Amino acid sequence: MIELTGITKVYDENRPNRVEAVAGVDLTISDRAMTVLEGPSGSGKTTLLTIIGCLARPTSGRVRLDGEIVSGLPERFLTEVRRRTFGFVFQRFNLIRGMTALDNVMLPAFPLGIPHARLKERAMELLTHFGVAERAGLTVEMLSGGEAQRVAIARALVNDPEIVIADEPTASLDGARVEQFLAIAADLKAQGRTVIVTSHDPRITRAAIVDRRVAMADGRLVEASP
Amino acid sequence: MIFHPPVLALLGSSWLAVVVLLAGAVFAVRLLRHWDRESGSERQIGLERATILVSTTVALVLALEAASLILFVFNADRMASLFVGAMCAVGTLNASVWGFPTLFAKIAVFFAASLWLVLDRIDGEGRDWPFVRMKYAALLAVVPILLLEAGFETSYFLDLKADTITSCCGRLFEDGAQSSGAGGELAGIDPSTALALLFGATSLAAVLGLFGARFRVVQILMGPASGLVFALGLTGVVSVVSLYVYEQPHHHCPFCLLKPEYDHFGFLLYLPLFVGTAAGLSAGMLGLLPRRASLAEALPSTAARASRVAAIGFALFALACLWAIGRSNLVLLG
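Protein chains in written order, with our numbering: chain A, 1 to 226; chain B, 227 to 560.
Some hints could be false.
Unchecked claim - Each pair of labels, with its calculated beta carbon distance range:
(1) A:GLU75 - B:ALA457: 38 to 48 Å
(2) B:ALA519 - A:ALA33: 26 to 36 Å
(3) A:ARG18 - B:VAL245: 23 to 33 Å
(4) A:ARG84 - B:VAL252: 33 to 43 Å
(5) A:ASP31 - B:ALA235: 54 to 64 Å
(6) A:ASP31 - B:GLU523: 23 to 33 Å
(7) B:PRO450 - A:MET99: 57 to 67 Å
(8) B:LEU258 - A:VAL222: 33 to 43 Å
Stated by the list, open to error - If you want the footprint, here are the derived chain A segments under chain B, 3+ residues with CB under 8 Å:
(9) 54-66
(10) 69-75
I should point out that these hints are in silico values taken from the structure, not numbers from a laboratory.
All of these numbers come straight from a predicted model, not from anything done at the bench.
A virtual CB, placed ideally from N, CA and C, is assigned to each residue, including glycine.
Bound-form chain A, shown alone (with noise of 0.2 Å):
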């Protein structure tokens, strides 16, 4: 379980253009379950997805992740939980120009020291699973939009993740891609991963698979579904 109290981030700090993105957000999220933060753009939902998923700290308030406080932890081992806990599917795939599909999903799970020939073969399973196998030793730059966005959520899972966290995958997919991802992460839920989406795409934010929908504006919370 995420639990999220008083959930402050605020940029350029005693400076003219300070920004306080989110603001005194309380927020608890269950396991295995998916939940939509919904917002116009700039309403903080990604700078939250952030701190939930450990990218960034908050200015003030605590991230607790099964009852331990992650967001105060020390650097080293806040890289280890993002590593071991979390998947990220990024708005724009932030896969790696110049390298193939495959070693884009095996880049993740190198510091784990796992044997190369079996971390390919959970690689290639991935690919596999999300039907881009064929296209493992392409480079990025060859793959279309769908395809791309399916290479980075199989980058997401190389870890074995618990919490899956996307922000706006969808942002430039067209319908049947969307479609592709609703069935992707029902697949996760039911593998009894947590799911956490940023999304101000009604296809997304009204998916039946959805559990929970948080809404946001102005960086707080206006309004959360139970």
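Put chain B on the given structure of chain A with help from the hints.
Then chain B, alone, in the frame of chain A:
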């Protein structure tokens, strides 16, 4: 003052350490007053972020200060040629009333810094900042020692004049009827007693550290045992080992051992002794620390490793002493 590069480096490092530690002390007071792990306040998060920077910086300057002991002694030996009457580091240290107090303060800083560095290391092994309060309280205790050392060192170097007539080591470490002071008393100790104490204490500490490193009681015992080995080791060096190195029955100086004429043999003796003592004191400190769930594995294993390092240090020191005795042409006993 004599403007030698090592003098400037030593003064620079001491005052850099003072500045960093004073800033660290201000932070330590803030942390001791306000640290609350459960709180998500901006101040607590600020403290958590800053503690990494502060402890890294403090650790760097303390490591530098600990290492500066070697440069200080080496430089004192090198500068002996500048003073009339000086033959080795003793003459340089005797050229000012602040010389020996500076050396003793630097030795104190060496051990204090070593202990703080080990505490910092073990604190960094825990996910929940297990000894952060203790670490910064300890830092407040290190600051006065460092201030004293910087003060002594500055007074010493400012007081050094090239026209000073000083006395050589023969006067300070003289045995027989004319001996006086601590140096004379150490030199006057019966060689066989000194040897028995030296090898007895080092052997006991080495065996304890190597074979009992896993046991907490042994780790705790390594603290006082190391202090004892350090004292008896230095006594043994002055009283008898030095005689074998110089192959002269009345030359007891523990500093001439550092000179090139004796192949810098002193460094071979003192480095393992100092490292072993610092590790042994650290093992004692780690053994006394309260157990924390987040350090269930790291604390006992680090304490055991420190005990083993101490044991190895003392064993190497004893072997160096044995080697000096074995290769010497001096027949002192029997």
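Inset, instruction - Return the numbers of the hints above that this structure violates; sort them in rising order. - result: No hint contradicted; all consistent.
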